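Asks: Sequence:
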Amino acid sequence: MVCRVVVDKESYPYLEKRGKVARLYEYQGKSLLQKHGITIPSGKVAESVAEVRQIVAQLGVPVVMKIQVWATGRAELGGIQFADSLQEAAQKAERLFGMQVKNFVVNKLLVEERLAIENEFYAGIIIDDTLGQPVILFSSVGGTGIEDIARRYPDKVAKWPIDVLEGLRDYQARNLVRRTGIGGKLQMRLADVLVKLWEVVRTYEARAAEINPLVVTKDGKVCAADCRITIDDYAVFRHPELDIEIAREFDRPPTKLDKIAYNVEKNDYRGTFYFIQLEDGFKKGEGYIGFHGAGGGGSMMSMDAVTRQGFKIANFTDTSGNPPASKVYRAAKIILAQRNIDAYFGSGSGVASQEQFHSARGLVKAFREENLSIPAVIRLGGNQEDLAVEILTQYTRDLPAPVEGYKKDDSADFCAQRLRQLVDEYRPSESLKPSPQRPAPKQPYSFKTLTGTVIFDHARCVVCESKICIQACSPKILKLEDDKPILAISEDDAQKGKCTECLACELECEFHGNKGVYVDLPIPGLKEYLQERETSQTR
0 MVCRVVVDKE SYPYLEKRGK VARLYEYQGK SLLQKHGITI PSGKVAESVA EVRQIVAQLG
60 VPVVMKIQVW ATGRAELGGI QFADSLQEAA QKAERLFGMQ VKNFVVNKLL VEERLAIENE
120 FYAGIIIDDT LGQPVILFSS VGGTGIEDIA RRYPDKVAKW PIDVLEGLRD YQARNLVRRT
180 GIGGKLQMRL ADVLVKLWEV VRTYEARAAE INPLVVTKDG KVCAADCRIT IDDYAVFRHP
240 ELDIEIAREF DRPPTKLDKI AYNVEKNDYR GTFYFIQLED GFKKGEGYIG FHGAGGGGSM
300 MSMDAVTRQG FKIANFTDTS GNPPASKVYR AAKIILAQRN IDAYFGSGSG VASQEQFHSA
360 RGLVKAFREE NLSIPAVIRL GGNQEDLAVE ILTQYTRDLP APVEGYKKDD SADFCAQRLR
420 QLVDEYRPSE SLKPSPQRPA PKQPYSFKTL TGTVIFDHAR CVVCESKICI QACSPKILKL
480 EDDKPILAIS EDDAQKGKCT ECLACELECE FHGNKGVYVD LPIPGLKEYL QERETSQTR
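Using numbering that gives the first Met the number 0, read the sequence shown as starting at 0 and increasing by one per residue.
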């Protein structure tokens with residue numbers, strides 16, 4: 000069961016965290032520290048009790064076992080356990096595996112040597128959005144949160160803004176440590192860790208990197224006993240070595256749909272597509288809807304509006320920043336992959352500067368391919384809203400379920416009321432079937448786009464009277480040759496983005512031409528996801 004999020008004005012955690020960081024597990028963060036010369040405890044990750052036994056046998060006792068989940072306060076939750084024997088380690092590991100911690104189920108343990116600690120410190124580098132630069136903090140007191148340390152021991156905390164062009168110099172790190180009352184050789188050793196921590200931040204484009212506690216052991220080692228590192232989500236694609244599956248900071252493991260959606264966003268820089276599944280496992284008729292917003296503030300207002308009508312929200316989606324029609328199409332297809340939703344509601348700020356006809360075309364293509372069988376209300380307020388609503392309503396009239404489009408002057412509350420009425424009145428036919436697959440073109444002509452393929456059937460094109468695709472193509476990348484549409488630019492230019500994937504050629508040809516062009520926009524993993532869901536439901 001996916002985490003249920005209560006929608007109200009006080010709680011939108013998925014809006015606040017979206018688009019910022021990818022969080023690493025402790026063992027991943029420590030691996031980066033070690034690569035840059037920072038000492039970490041000896042240890043390994045275990046995924047079973049048998050592996051725990053093997054690791055403990057190699058390390059010797061005593062050991063510490065830590066659950067690997069994205070949650071703070073693991074010790075208070077019982078997620079950090081010490082063991083003085085192999086048998087004790089195995090027994091405690093048995094209890095830790097499968098443990099429910101908030102919305103996570105524990106399936107990994109970090110098994111490490113237990114350190115004999117003499118002193119604890121705190122070291123961290125955090126991107127300060129107000130200053131617009133990294134800030135390094137050091138405290139001669141560690142082990143608890145830096146906010147608590149700063150409140151209780153303000154004289155034990157020092158910070159320094161880092162010039163990103165110059166980096167952190169040795170003397171700056173030493174001065175920082177000195178300001179907390181530490182001198183001598185220890186000052187130099189701790190300063191060395193700070194400089195290396197900056198190297199980690201710079202190398203992996205981290206938004207935050209904290210070692211807490213940074214300890215000195217009884218035998219004199221300076222060691223990172225625990226760490227927390229988050230990577231800027233816009234930098235993740237530059238660091239495949241981090242093996243980050245999804246660049247989001249969730250309060251639960253990502254679902255399969257979350258991952259599918261993230262890959263769409265990751266592979267297309269144009270505009271924003273954010274998707275998070277809020278609920279799963281619900282049944283038809285329970286009042287869950289697919290939510291499709293545009294912009295954070297307008298989306299929150301719109302979610303409030305639909306929940307006031309008694310609906311529950313299955314997902315949060317945001318397509319903003321002027322995304323192409325192809326990206327909106329993929330968003331809609333992923334939302335509709337939640338087969339048991341009772342309706343589709345799209346609404347954003349109502350004053351968006353992005354051209355709304357792109358959103359309309361993306362929605363129409365998705366709705367037509369799915370042969371939409373649930374009511375949909377879409378508020379397309381913003382630039383070119385008249386054309387957008389015309390496209391949406393005109394090209395969905397023949398679908399089984401009603402689709403209504405509205406503009407910025409129609410409030411989110413009014414649109415939510417319309418959705419409520421449509422859902423209450425709609426009676427789906429039991430004989431509904433998906434839209435039939437397009438026949439293979441007899442005379443295919445195709446070219447690659449940034450994320451898909453445009454496919455013409457010249458056998459249809461040559462007898463088409465309107466040649467509407469040429470007129471509909473606003474980037475003017477098509478021309479007629481021997482009465483057939485072909486590229487007016489190079490295939491390389493089309494693939495690099497000169498074809499904007501506006502979908503106008505396909506939709507206009509569908510209704511005003513000879514159905515001779517199709518834009519193929521694959522969504523990796525979605526077909527397999529739907530097949531898997533269908534198989535599980537028929538068992």
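Worth flagging that the hints you see were computed from the coordinates, not collected in a lab.
Some clues are possibly wrong.
To be verified - Per label pair, the in silico range of CB-to-CB distance: (1) Glu527 to Gly36: 20 to 28 Å; (2) Gln416 to Pro153: 50 to 58 Å; (3) Ile116 to Gly309: 52 to 60 Å; (4) Thr216 to Asn102: 16 to 24 Å; (5) Pro153 to Ala70: 38 to 46 Å; (6) Lys101 to Ile469: 14 to 22 Å; (7) Asn339 to Gln416: 18 to 26 Å.
What the hints assert, rightly or not - List time: in silico EDC-like cross-link candidates among lysine to aspartate or glutamate, alpha-carbon distance up to 16 Å: (8) Lys447 to Glu490; (9) Lys526 to Glu509; (10) Lys155 to Glu119.
It should be emphasised that the depicted structure is a prediction, and the values quoted were computed from it without experimental measurement.
C-beta: ideal position from N, C-alpha, C; glycine also.
Asks: Run every hint past the structure and note whether it holds.
Replies: Hint check:
1. At about 43 Å, the beta-carbon gap between Glu527 and Gly36 misses the expected band of 20 to 28 Å.
2. In this structure the hint that Gln416 and Pro153 lie 50 to 58 Å apart at CB holds, the actual value being about 54 Å.
3. A C-beta distance of roughly 55 Å is found between Ile116 and Gly309, which places it inside the suggested range of 52 to 60 Å.
4. Between Thr216 and Asn102 the CB atoms are about 35 Å apart, so this pair departs from the stated range of 16 to 24 Å.
5. Restraint check, Pro153 to Ala70: a C-beta distance of roughly 28 Å breaks the suggested window 38 to 46 Å.
6. A beta carbon spacing of about 56 Å between Lys101 and Ile469 contradicts the range 14 to 22 Å that was offered as a hint.
7. Distance hint check: the CB atoms of Asn339 and Gln416 are about 23 Å apart, consistent with the given range 18 to 26 Å.
8. In summary, the hint linking Lys447 to Glu490 is supported, as the alpha carbons are separated by about 7 Å, within the 16 Å threshold.
9. For the given pair, Lys526 sits about 24 Å from Glu509 by alpha-carbon distance, which is inconsistent with the 16 Å threshold.
10. With a C-alpha separation of about 12 Å, the suggested pair Lys155 and Glu119 falls inside the 16 Å cut-off, and the hint holds.
Of the numbered hints stated above, those contradicted by the structure are hints 1, 4, 5, 6 and 9, listed in ascending order.
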